[in-house]
Amino acid sequence: MDFSLTEEQEILRTVARDFLSTECPKNLVREMAKDEKGYPPRLWHQMAEAGWMGLIIPKEYGGAGGSILDLIVLLEEMGRACLPGPFFSTVVLGGLTVLEAGNEEQKAELLPQLAEGEILLTLALTEPSAKYTGDGIQTKATLRDKEFIIEGTKLFVPDAHTSDYLICAVRTKATQSPEDGITLFLVDNKSPGVGCTLLKTMAGDKQCEVIFDNITVPFGNMLGNLNEGWLILDKVLEKAVVAKCAQMVGGAKQVLEMTVEYAKQRVAFGHPIGSFQAIQHHCANMLVDVDGCSLVVNNAAWRLSQGLPATQEVAIAKALTNERFKRIAALGIQIHGAIGFTQDHDMPLYFKRAKAWEINLGNTNFHLDKIAKAAQI
Amino acid sequence: MDFGFNQEEEAFRQEVREFIQKEYPPELRRQPRVTFAPSIHGLDDEDWKLMRTLSRKLGAKSWLSLGWPEKYGGQNSPFLQNIVYEEVLYNNCPGINHMGVTFLAPTLIQFGSEEQAKRHLPGIAKGEVYWCELLSEPDSGSDLASIKTQATEDGDYYIINGQKTWNSGAHLAEWGFILARTDPSLPRHRGLSYFLIDMKTPGITINPILDMLEEYEFCEVFFDEVRVPKEDLIGGKNRGWYVTMATLDFERVAHMYYPSVRGYLDRLIEYVKRSPQPLSPVLRNRLAELVAECEMARWLHYRAIWMMSKGNIPTYEVAIDKLYNSELAQRVAEFGTQVLGHYGGLLSGSKHAFLYGWPSYYYLDTVSYTIMAGTSEIDRNVIAQRGLGLPTE
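Residue numbers (my numbering), protein chains in the order written: chain X, 2 to 378; chain E, 58 to 450.
None of these hints come from the bench; they were simulated from the model. Please note that a few of the clues may not be correct.
To be verified - Ranges between beta-carbon positions, derived for each pair:
#1 A331(X) - Q167(E): 37 to 45 Å
#2 N295(E) - E9(X): 46 to 54 Å
#3 L200(X) - R331(E): 42 to 50 Å
#4 K132(X) - E327(E): 25 to 33 Å
#5 P129(X) - N133(E): 58 to 66 Å
#6 E258(X) - G368(E): 26 to 34 Å
#7 D235(X) - Q64(E): 28 to 36 Å
#8 K35(X) - G368(E): 50 to 58 Å
#9 A331(X) - D102(E): 50 to 58 Å
We treat Cβ as the ideally placed atom computed from N, Cα and C, and that holds for glycine.
Just chain X, with the same shape it has in the complex (with noise of 0.2 Å):
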């Protein structure tokens, strides 16, 4: 058992930490929370520049060939850093999806592009039932000669606006068993048909809807296998499920880093307040928090990097973390006082992705189920 980095993802991290903290101020966060497109276009070909598109692409298609453990490395720092922008749809529910289900001509003509930071994607997953369960897809595909003809409305897309593809879940066969006959289609945001509707979040991200209104998608867009598309997803999920974990758990840390410097900082009654028990038992239970919810997301990636069955443990990180990052997020806050309240205050960013990103990807009650059920309750 060994629970350190390696050499080089101690540099990623490091590397990364170093970049954000430049390039990433918290003003811009604000900034492009209200920024239509979301991110700026420089900071992500800079990105790129630095590999972190490609960082979990393979070497033979242009990416760096790291596993799973590296990329929860980054996106760490990117929550820490609270970095906007297609970042998670495009290289984790994009290019994931990519690799798990694309056939060879399609990994080659859409990973180089993702690698260069030169095609943004995403996955159209949910629907109005807001279910990251088979069930939840109706969106409805009918083959009519060498095309499918897509209906249906997405929602909850992560940056639909911004992305050149959409990886769209689809309904293609009425079966008894509501994760059968779904399939994936890589759908070109540009078709006609394919109508999208900023919706405005609490944390600033950018969801949409999307409607597709009998759009046309050729035959050679299918990814993976008909009827087979959750098969997929399932692997897909389980991958971003955890690095959506670790995003929270860079957010974690670095409220516990702010707070923890602010209670150092701030005086009441002549003393710091960090030197008052009730004050340190808060904190203390945040590092608790911290160090438990990163120890258990380690432990989901890690099992997932070695191909062993992971569908509790990933249940465990995220049920988890869901709950303990909302808690360190509303204890950084209590601990700033009023000014914590502030708009341009930094934890209000960290208190609004918390919750965001509890929704995100199955909120707190659909992960404990997951767990009961892998336990057979």
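Given the structure of chain X, go ahead and fit chain E onto it with the hints provided.
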């Protein structure tokens, strides 16, 4: 990163499991045994005999010293040692005298002389000598540095006078380790010394105290002109505070409740599955949450063990380990009585008692977990001050 056990470790775990199945068969499990220390029921002779027998059997396997350096007969493997603890705790199997095996032995290895280590470690490794801890006093609990028990030099001896209290298993122990004041003129942390003491020495009076489980688990101990040879001073005169802090850190690691918590949850899950009524959605969610928390407790503990396996001395990490594990045990005990309703209130020996009265026993016993070995409040102070560098004033 590597979050797995290797083949050697997995094979060893299997061996330990088989040992426990054989040496602690189902007919011996018909009463609750969940106390952390001394894992026996007070003065009940049968329990005490079982504890001693199993302790010697574990010792004969060399399974009480796996984490020690090779020169003291160990394998330098905290993870292998931890596997023994996990399996023992999961099955509520008695046999580990934690005060000797997990608190004192590593302290002796760190602070004792070669001669002291060679004199006392073999008895611990073989499971033959039962130890108790003598730190708290009636007026000194969390503020341990305020203790008043005195040790005065007299030729080749120190003479100890004073009183200790809340000493688990002192009524059963052959040896103890004690913190006493050797120089009242020095600042309070710096005038303390740490001694090993033969509990049969004239002048020691031990009164067991009935606890709220109606058991004799801990004691008060009086010292009246008790002569301790100087060869049993550990770490040097007036260096006792530092030795004690190390002992307390080792003690915190030993309060690893996740295996017993998991064992208890697994039995509840079996019960729920057999029950004609399904678990309510609220309790089902709660159970899933506790399963998750149990995992977090396990990894927080492994982190501390991993640091020790690398030769690093954990500080705030062991306070987190103990804090989280002890509070989790209370939450799980509370949950168990909720799931069982009326059955959760029945005591061992009662008609209709579930799992031989384990739930009610656990519910009461776990109350002590957040008090012993440093309260949760002290743990949080340690985490805040040593882990986060928050100021003391």
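Quick rundown of the hints versus the structure:
1. A331(X) - Q167(E): 37 to 45 Å: holds, 41 Å
2. N295(E) - E9(X): 46 to 54 Å: holds, 48 Å
3. L200(X) - R331(E): 42 to 50 Å: Cβ of L200(X) to Cβ of R331(E): about 48 Å, so the range 42 to 50 Å holds.
4. K132(X) - E327(E): 25 to 33 Å: Since the Cβ atoms of K132(X) and E327(E) sit about 32 Å apart, the hinted range of 25 to 33 Å holds.
5. P129(X) - N133(E): 58 to 66 Å: Once the Cβ atoms are compared, 60 Å apart, the range 58 to 66 Å for N133(E) and P129(X) holds.
6. E258(X) - G368(E): 26 to 34 Å: Distance hint for E258(X), G368(E) holds at roughly 28 Å.
7. D235(X) - Q64(E): 28 to 36 Å: holds, 29 Å
8. K35(X) - G368(E): 50 to 58 Å: holds, 52 Å
9. A331(X) - D102(E): 50 to 58 Å: At 53 Å between Cβs, range holds.
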